[in-house]
Structure formats: structure tokens, C-alpha cells
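Number of protein chains: 2
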Amino acid sequence: MRLQILGCYAATPRFLSPPSGQVLEAGKHLVLIDCGEGTQMQLRRFKVRFSRIQHIFISHLHGDHFFGLPGLIATFRLLGREKPLHIYGPSGIKEAITLLLKIGDSWTDFPLHFHELSSSESELILEDTTFSVRTLPLDHRIYTNGFLFTLSGGERRLIPEAVEKYGIDKAYYRRIKQGEDVYDSNGALISNALLADPPRPPKSYAYCSDTAFQPALVPYIKGVDVLYHESTFLHPEAALAEQTKHSTAGEAGRIARMAEVGRLVLGHYSTRYKDLEAFRKEALEYFPAVELAEEGAVIQW
Amino acid sequence: MRLQILGCYAATPRFLSPPSGQVLEAGKHLVLIDCGEGTQMQLRRFKVRFSRIQHIFISHLHGDHFFGLPGLIATFRLLGREKPLHIYGPSGIKEAITLLLKIGDSWTDFPLHFHELSSSESELILEDTTFSVRTLPLDHRIYTNGFLFTLSGGERRLIPEAVEKYGIDKAYYRRIKQGEDVYDSNGALISNALLADPPRPPKSYAYCSDTAFQPALVPYIKGVDVLYHESTFLHPEAALAEQTKHSTAGEAGRIARMAEVGRLVLGHYSTRYKDLEAFRKEALEYFPAVELAEEGAVIQW
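Residue numbers (my numbering), protein chains in the order written: chain A, 2 to 302; chain B, 2 to 302.
Honestly, I wouldn't trust all of these hints.
Identical copies carry no separate label here, and so any pair may be met within one copy or between two of them.
Below, simulated DSSO-like cross-link-like pairs (lysine-lysine); rule was C-alpha separation at most 30 Å, straight line [as the list claims (entries may be wrong)]:
| hint | residue 1 | residue 2 |
| --- | --- | --- |
| 1 | Lys275 | Lys84 |
| 2 | Lys84 | Lys171 |
| 3 | Lys246 | Lys84 |
| 4 | Lys48 | Lys166 |
| 5 | Lys275 | Lys166 |
| 6 | Lys246 | Lys103 |
| 7 | Lys171 | Lys103 |
Treat the hints as calculated values from the structure; they're not laboratory data.
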């Protein structure tokens, strides 16, 4: 998986402090997670091949997470897109986006599919052979979901030298990948373990923004490789975090520790703070592997 | 008047090629003209005191002219604005903006007044003692208005040395500014011309984007000090300009010449062009005083 941060600031975007937006590459998928104002400019800036995006996940309907979506769709249209686009987000998103495109007489020529979310339980919302996406119910001022992205290791991996050595007919390759023992050219049964390596280990990414400190989240994100958890505030502003249903960096660190994740990525910083290192420092008090989301940063695993 | 360009590119915004947005300072007014995606970031970038903005004029409902508006309104709210905000734009703008703010439970605490436009005739839409705004019907794919901003010179200007010399009572100052002759302390009638200078000359700015070449516009903008006229394309793309109802730089130059304006400012460039000087060169074939809108550029008169 390869994650690129497009923007990582809260609330009132400024020049060079863009609001939430991330692209995640997982197997053959390139997906967009949240789409604050200016996200399409950031996609251009970081030379993301964004015509590849077929799935967009919107956590909630505060402007800093989706006001860039109508512009991105309009740009796809102007660039002559033909491939379908799937948008997952809270109920209401379809009406809003549809209205904005219609009043500009800018309805898309490509199929635009909205998958509106309203459940307060975690749901499986996308699944193909190796890639799946589940919602993560968050606790914010309005209905909000995080998203858990899982890339399974797929099938067992054929060992080219071994199938050649045993003279296995190509017709059997599909079965070997599925774990079966097969016959060699002499009619002898060959153990699958000799012909194929185990699948790659699955990989996972959890995106949790925006949310108050919410231990109920832990079972859903247990052991994920990378957790992005919002940290709008630092501990001195804990009362403000509670009031606005955001988290402090320390709270993000506690969630990461409880969920025993691989790495914690902080983001969604209030623009009141000048020094982002203070976020890392605060989270490190609870969890040892902390990274800071920064514009353009790439995290690969 | 002082005009600052925030963005001046057409259609698909890129990093450092922001879409339409301008701030105009006229007397005590600071108004925003169009508000493409990212305009609020540009306001921050150029350190505009944007809390002063009380009137926003939207030419038409294509995304590159108004997709930055919901975010700007949300930011005004987050910054605790109390002053009313007036938005002038095509019918439909109220429903769209209202819906976007409502689904995010982000309705404003300050009064938000929409002035929806639907006339195909030029209308006076704002007027106070010295400042007025008229619509300029344009010819685009959807209903579109340009705007004519006029700052009158106001009253005659008292000459402090003269009123002192003639011993004029302060009670007469108001009448002097209105052009009356008044009595001095000895009862002699003093000619107004001795006591006050004429008002400052009026100043004017016409904003015309987006539009096909439209000579019908000329009477409305006759003799304005500064004309901003869109030039999405260059002459080799004239057929495309006609088809999409945009103008070439040469056509903008012809309008400027016919209207005998003071200066022509070009903008709304298609991002297909790398060299903006070609726009100036093309317009100069028709009109001698041509400037290029560029990010952050300030034009004062």
C-alpha cells in the first residue's frame, strides 16, 4: 500500500495548509479519501495520475472534507472521463453534488454512482478479490465514518523454477494458486507446498477523521499496519477537543496503543499551531511509532 | 479603486493556476468578484483583510467561478463573523449554498442575504451614496452577468485654508460641499468656487467573464477606466471560442477599442497555454493599453 497526503489541516484552509485529502494505492486500486477544497490542485501538484481514481470515500459533510468534490468531478468531466466514478459518503451527498452540477448545466457524461451511508454500525461497502473497504463509525458532531482498507495477500504464489522442475502442465497453474496438490507429467502427485509460496501477508490502513477520543473504535482497527488518526488539538486544548468532538495527539496515541497498530500517522491539525513536532512529541508519550501527515508526504508499506 | 487578482484561469484549476476570483477596493467597500475553488486560500496568501468583504458578486454558476463560495462562507462562520454578507448571483445560488451548509450542520450565525439575478437586461443591484453596481448581460453557455462598478467622486471638497480665510461658520460646511454659496462672518456672500474644489472624478471598473464576443456590451461599458475582459483562447482556437461561448484575446481587444476604455485587463486563460505574453500581443493588435491578469497582481487607478 502507498499513501500520499494531499492535505492535512482542519477547518479553515490556508495557502499551503490544505484541508483533508489523501490518495491510497492498494493493489490495482487508486482511491481518494476525503476531498477538501483544493484537493484537485494538490492532485496536480503532486502529479498523481488521478484519472485512475474510481472510488472516492467521504468521511463526513463538513466543508473541509468534501468542498473539493464538485470541482474534481467537474474537472473529470472537462477532461473527457468515460469510466464510472463511485462516491461513498453520508446520506445527503448525492443531492448536494447533483444540485451543484445541475445548476451549472455541467452534468457528467460518465456514470456517477453514489453509495450513501447512514448506518451506525461498521459495514462492508466495497469488496473485490483482494481489496475491501469497511466503514468505521466515528464520534463527531455530525454523522461521520472512518474507513478500513484491507488488501488481502491474494492467491498462493507459483514458484516458476519448481513448476518447471516437476514439469507441471500450465493447465494446473490456477489450481496450484488455489492451494491444490497436482500431478506431474509422470502422474505423480506433487505437494502444493513444493510448487507455491504462501500468499503475501494482507495489508491494512485505517483512516479515522474526524472523531472524539473513542475506545469503541479499537476492536475494528486492531492490529492494522497503519492508522491515520486525527489530532486536531494538543493536550492544553483538551477541553476544546471534547467540546468540538475532536482528539488531541495524546488521545490518538492512546488509541494506537490500545489497537496495537503498526504505525500511527497524525493529521487534521488546527491551523492555530505553528510547530507540528509538538503533535509527534505528545503522541510519543503513549505510542512509539508516530509519523506526521504533511503535504505531499508518502508512506509505503 | 484598487483591484487585486486572486485567480485568472479557466475551467480546470491547477496548483498555481487558480480559477476566477478578484477583490476590488472602492472607497470604503471591499468586494469579491467571483469565487472559484481555492479563493479563500488566495485571500490568505495575499493577506487580504477579507473579513471586510460584505458583498460578493458571482457571474455564473460554472464551478470555476463559484465552487470556492461555500468554503469561504464556512470560514467566515468559523472565524465568528457577525456582519451580514450579501451574495449576488444567478437564480439557484441560494438553494445550492443553503443545502451545502445545511447538510454539514454548518448554518451561519451571521445574516446571509442572497440577491438572485435572472434578468437579461442590465440592472442596478447595489447603490449607496458613492458606490454603485450594475449587471452586464453576457453571452455564455449558461445565464451569466458581468458587473460594472462605479465610484462617484462624491461631494465638492472643502478647501480648509479658504473657509478659514473667509471666516465661514462650521454650520455652513455641509452646504458648501453640496455646492451652495454661503455668507461669511461679515454677511458677504462668498462664491462656492472659492471655498470648495470639484468632486473627484468618478472611477469605474467593468468585469466581463465569461462571454462570447459581444458588441452589444459596448454601450454599457463605454469609457470605463478599466475593463477586465475574458480571453480564454487565442485566435488559432477561435472556432473553439465560438463553440464554447468564450472570447479570444483579439476579440477582447476589439471590445476595448469599441468601448474606448482606459485600460484592458485580460484573464480567464485556458490552462493549455504556457505563454501568457501571446495574449497581450494578440490584444495589442486592436487596443494599445493591455495588461495581463496574473495571480496577486494589483491594478490601481
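Cross-check of the supplied hints:
| no. | hint | in the structure |
| --- | --- | --- |
| 1 | Lys275 <-> Lys84 | between (41 Å within a copy, 29 Å between copies) |
| 2 | Lys84 <-> Lys171 | neither (34 Å within a copy, 75 Å between copies) |
| 3 | Lys246 <-> Lys84 | between (38 Å within a copy, 27 Å between copies) |
| 4 | Lys48 <-> Lys166 | neither (45 Å within a copy, 71 Å between copies) |
| 5 | Lys275 <-> Lys166 | neither (62 Å within a copy, 58 Å between copies) |
| 6 | Lys246 <-> Lys103 | between (34 Å within a copy, 19 Å between copies) |
| 7 | Lys171 <-> Lys103 | neither (53 Å within a copy, 60 Å between copies) |
Hint violations for this structure: numbers 2, 4, 5, 7, all remaining hints satisfied.
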